[in-house]
Amino acid sequence: MIQHIENPVVEVHDLMVSYGQNPVLWNVDLSLPAGSLVGILGPNGAGKSTLIKAIMGLVEANSGYSKLFDQELNQVRNKVSYVPQRESVDWDFPASALDIVMMGTYHHLGLLKRPGKKEKELAMDCLDKVNMKNFAGRQISELSGGQQQRVFIARALAQQAELYFMDEPFAGVDMSTEKALIELFREMTAEGKTVIVVHHDIYSAGKYFDWLIMLNMHLVASGPTAEVLTEELLTKTYGGKLSTLADLGEIIKKSGFNPLKD
Amino acid sequence: MSFDQNAFIIILTGSMIAISCGLLGAFLMLRKMAMTGDAISHAVLPGIVIAFLISGSRHGLTMVIGAGLVGLIATACIEYLTQKVKLQSDASIGITFTSLFAIGIILITFLANQIDLDQDCVLYGEIAYVPIDLWITKAGTIMGPRTTYLAVINLVLAIAFVSLFYKELKLSTFDPEFAATIGLSTAGVNYGLMGMVSYTTVSSFEAVGAILVVALLVVPPATAFLWTKNLKKLLTVTAILGVLISFLGYYLAYLLNSSIAGAMASVAGVFFFVSVTLNRHQIPRIKSKMRRLREEMA
Numbered sequence: 000m001i002q003h004i005e006n007p008v009v010e011v012h013d014l015m016v017s018y019g020q021n022p023v024l025w026n027v028d029l030s031l032p033a034g035s036l037v038g039i040l041g042p043n044g045a046g047k048s049t050l051i052k053a054i055m056g057l058v059e060a061n062s063g064y065s066k067l068f069d070q071e072l073n074q075v076r077n078k079v080s081y082v083p084q085r086e087s088v089d090w091d092f093p094a095s096a097l098d099i100v101m102m103g104t105y106h107h108l109g110l111l112k113r114p115g116k117k118e119k120e121l122a123m124d125c126l127d128k129v130n131m132k133n134f135a136g137r138q139i140s141e142l143s144g145g146q147q148q149r150v151f152i153a154r155a156l157a158q159q160a161e162l163y164f165m166d167e168p169f170a171g172v173d174m175s176t177e178k179a180l181i182e183l184f185r186e187m188t189a190e191g192k193t194v195i196v197v198h199h200d201i202y203s204a205g206k207y208f209d210w211l212i213m214l215n216m217h218l219v220a221s222g223p224t225a226e227v228l229t230e231e232l233l234t235k236t237y238g239g240k241l242s243t244l245a246d247l248g249e250i251i252k253k254s255g256f257n258p259l260k261d
Numbered sequence: 000m001s002f003d004q005n006a007f008i009i010i011l012t013g014s015m016i017a018i019s020c021g022l023l024g025a026f027l028m029l030r031k032m033a034m035t036g037d038a039i040s041h042a043v044l045p046g047i048v049i050a051f052l053i054s055g056s057r058h059g060l061t062m063v064i065g066a067g068l069v070g071l072i073a074t075a076c077i078e079y080l081t082q083k084v085k086l087q088s089d090a091s092i093g094i095t096f097t098s099l100f101a102i103g104i105i106l107i108t109f110l111a112n113q114i115d116l117d118q119d120c121v122l123y124g125e126i127a128y129v130p131i132d133l134w135i136t137k138a139g140t141i142m143g144p145r146t147t148y149l150a151v152i153n154l155v156l157a158i159a160f161v162s163l164f165y166k167e168l169k170l171s172t173f174d175p176e177f178a179a180t181i182g183l184s185t186a187g188v189n190y191g192l193m194g195m196v197s198y199t200t201v202s203s204f205e206a207v208g209a210i211l212v213v214a215l216l217v218v219p220p221a222t223a224f225l226w227t228k229n230l231k232k233l234l235t236v237t238a239i240l241g242v243l244i245s246f247l248g249y250y251l252a253y254l255l256n257s258s259i260a261g262a263m264a265s266v267a268g269v270f271f272f273v274s275v276t277l278n279r280h281q282i283p284r285i286k287s288k289m290r291r292l293r294e295e296m297a
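Chains as they are written, first to last, in numbering that gives the first Met the number 0: chain Z, 0 to 261; chain R, 0 to 297.
Chain R extracted, bound-state conformation (with noise of 0.2 Å):
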């Protein structure tokens, strides 16, 4: 067991963009959308191809706006399918998210002599070579891990946004009716928080991969759930189960040699199993108990 400089960056890496995924799939759970998150990060694939094609190069600014747009017209995609020709949500995310993903599989196999990315690394990522993808400036200076100052720039973002339209994710994901009856625009509301689940989904890619982002914006709120039902600490939870989740994933990984995405997500996956167990047969009883022991002090 060790705990080193490598170690430490991985961990820090892992639990900023488990903040991030958590803090926006939390309000994709509270809407029942919580596989629009899953489509939207299969979605994008075509945007990065495009984007990979313009810039020539896997990483920066290009490929997050590809990504992005992409991921709303998707979205755009989505809305469309369920509310105008009135087909049901999931077959609209299923049908959009594949049709998507499969342009960008062409586009990646057509292109595939000439440019240097492949499925996996969009699907599966991997964070252990966080440490080594080094940021050097034109003058030669290292600046340090660039995928820990992409997680840092998308956490700042995720909590601005989050603690910015606080009052208009949040009445907008109870009761979208009452809040378009008050003009709030509940469209704008949904196309922005896809927007920046688009935004941190290309942003996490590399590091952790498509799959375990997804496990990242669903996973962790949905543990959160069973345990409060306040959402400033539904949102609290989420992020503390994020760094949780990124830390004893490091370890597991180091333990079992193997894949610490997979390693994260399996952490997260016996977190949430645990949880429904204490709920169904602990959370009920505590409840009932405090809640007598309220009742005597008043």
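Isolated chain Z, as found in the complex (with noise of 0.2 Å):
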């Protein structure tokens, strides 16, 4: 169930990623609804964070594209706020929280300029709303792996865009905190900014988002959570009908047929 929308804020469009010879994400086309809090599920290995880091440019396209308000990624760069995940850094960097929420100020400023004052008390603003203020000073090494968390989301808040990708932003991440974040999260979608987040937990998932991406290498559903959170659609996400495509992939794999090529 792939439901389609008018003006959507994120458009793909028959998208397919391979990490050399594997395949990842195969003919994903889906569009968004502006002001949104949607949910990526998929099991491990499903492609969804390779979902929005094609969409980020990160990784390359075998073929399709994506377009963020109807434009290309580097028109609306500024308008654009990525999360990755926690893992994708060394935390033992030199620099304290503030430091970290300070970059999500870079992109205003530009090359050679310096960030000031008024960097600083958005910084601060940002880290107050992820309730963070307390550890601005504190060395990034020494902060649990929520807070961490919290510290990259300070950051995005910092970016100030209309558009913010997540990816696994409640990893590690305790469960007063994660209903903190998703109350943070619904502030943002109601001011009209769209929030999209890869998440792990079926069971939250239905009372968190209100629309929802299932992937699993190829796309199941993206629709409003009311309609898509069916028996039916999460057993083809998760369950063994999907298992056939990872064996395909390794069938193709092992023949030594490459479709890429072409």
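Rather than coming from a laboratory, the hints here were simulated on the basis of the structure.
Be aware that a few hints might be false.
Not the full set, but computed from the structure, chain R residues with beta-carbon under 10 Å of chain Z [claimed, not checked]:
(1) L29
(2) L163
(3) D174
(4) E176
(5) I181
(6) T227
(7) K232
(8) F271
In silico lysine-lysine, BS3-like type, Cα no more than 27 Å apart, as pairs [as the list claims (entries may be wrong)]:
(9) Z/K117 - R/K231
(10) Z/K132 - R/K286
(11) Z/K116 - R/K232
(12) R/K228 - Z/K119
(13) R/K228 - Z/K117
(14) R/K228 - Z/K116
(15) Z/K112 - R/K232
(16) R/K232 - Z/K132
Quick reminder that beta carbons are idealized off the backbone N, C-alpha and C, glycines included.
Given two chains presented individually in distinct reference frames, assemble the corresponding complex, making use of the accompanying hints.
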């Protein structure tokens, strides 16, 4: 069940991504409404992170394209924010929580300009929004996993974007923080911003999100949560039938057949 | 123990080289690319030889440009092997720099009869000769030690590079993916840094040799990293360590009557190991004490 809409904030068309000869995403075709809180669901290795990385131009697509605000990514970078997975960086880097959040203000500054008082105040506000103001001066290596995650989200807030992509923002975060973050994301969507979150837990997904994307290498579903969160689609996403796609990939790899070469 | 004009010139030159190397080396270390510095310092050899063939002089701009270009080629090669061929980064570094260095050696031996250039001058260097290697203008005026001038230019450029692109270096070192999503050219920053490392290496060759350049690129930042977790302080401590290494290294060599560059590298090593030992046994205790004090005050 894939629901398309008019005037989408994110539009992905026929996207196909592979790492080497292993296809990770096949023919993903979707559109997302503005002002919604979107969850991306799917089992491990389903290509959830790859989907948002491809949209953000961090991995190369074999075919297809994506548009944000009906434009190319390069035209709208100022309006888009990306929160990578926490493990993607080395937290031993010599910096404080505030230093990291300040990085969110860099693209508005441009080359050669230094962040000043205004940027610092903005960064402190953003730390406050994720309840981390008291840790502003703390070394990032001394923060817990959940606190590091909140620093990343504060950095995204400092970008003052319209559209947010978050890769597993709840990984390693305790329940009360997760609830607080969802509350924050709700406030953001109420202001017309769009927040797209890679999520693991099917049970909370129903409560958290307005719109769900279900992914398992190919797109199983994309639509309003109430319509999409059905047992049938969940089995399709996580259940037996989908292993066939993975099997197919294996067979293709073994036979040496490479459809990507053409 | 003496402190004369020669000692001053040697220590000054050594300090400036150590600061230039340390500032750039700090970012190499944080990018987990410390050994790329080593690779570049060796890989630039063919560039030096070719530049020498073209210009016929062991000094001057041609050498720096030649070495800088080969340094960038080496960086591109390493990047290609890791990113596209998916080779491990240490293997990519090993393959690239040995191949380029070998080409340099072949070029040197091939042309050995014709040119006044050998591996020793590139690999070891001799900072003790700095005061007598004078820059004499065509009119015959003695301008002072040539290498010291090179070190000044190098230092100014290194400081300018790090302070102008501080924000970009910091961001692309900590989180290259995020940097790319805000439209920062991470490849541009990378090549800029590697270009500066190549240039610094070549500029410092004659004075301290390739091996000490590597020591100065890696050891002071690694030592400073044990003492501070603030990037600006890390750079400051690195610079101070550079001066101390140069100063103490000179007098160690004076006492032992041995190579100054060797003594500087040894002092750097001693600083590092002392820091490791102190950090292991002292720092956690001091830190927790400080924290308790601060909490009591609050």
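Here's how the hints hold up against the structure:
1. The interface hint given for R/L29 is met, as the beta carbon of that residue sits about 6 Å from the closest beta carbon of chain Z, less than 10 Å.
2. Of the supplied interface hints, the one on R/L163 holds, with its beta-carbon coming within about 6 Å of a beta-carbon of chain Z, less than 10 Å.
3. The criterion of a C-beta within 10 Å of any C-beta in chain Z is met by R/D174, whose closest approach is roughly 5 Å, and the hint holds.
4. Because the smallest distance between the Cβ of R/E176 and any Cβ of chain Z comes to about 5 Å, under 10 Å, the interface hint for this residue holds.
5. The interface hint given for R/I181 is met, as the beta carbon of that residue sits about 4 Å from the closest beta carbon of chain Z, less than 10 Å.
6. Taken as an interface hint, R/T227 checks out: its beta carbon lies about 7 Å from the nearest beta carbon of chain Z, inside 10 Å.
7. The beta carbon of R/K232 comes within 8 Å of a beta carbon in chain Z, closer than 10 Å, and the hint placing it at the interface holds.
8. The restraint placing R/F271 at the interface with chain Z is violated, with a minimum CB-CB distance near 17 Å, outside the 10 Å limit.
9. Under the criterion of a C-alpha separation no larger than 27 Å, the hint pairing Z/K117 with R/K231 is consistent with the structure, at around 20 Å.
10. A C-alpha spacing of about 22 Å is found between Z/K132 and R/K286, which places the hinted pair at or below 27 Å, so the restraint holds.
11. Distance restraint check for Z/K116 and R/K232: the Cα-Cα separation of roughly 20 Å lies within the 27 Å cut-off, and the hinted pair is therefore satisfied.
12. Under the criterion of a C-alpha separation no larger than 27 Å, the hint pairing R/K228 with Z/K119 is consistent with the structure, at around 20 Å.
13. Only pairs whose Cα atoms come within 27 Å are accepted, and R/K228 paired with Z/K117 is accepted, the gap being roughly 25 Å.
14. Simply put, R/K228 and Z/K116 have alpha-carbon atoms about 22 Å apart, close enough for the 27 Å limit, and the pair holds.
15. For the hint pairing Z/K112 with R/K232, the CA-to-CA distance comes to about 20 Å; that is within 27 Å, so the pair holds.
16. For the hint linking R/K232 to Z/K132, the alpha-carbon distance of about 23 Å falls within 27 Å, and the restraint holds.
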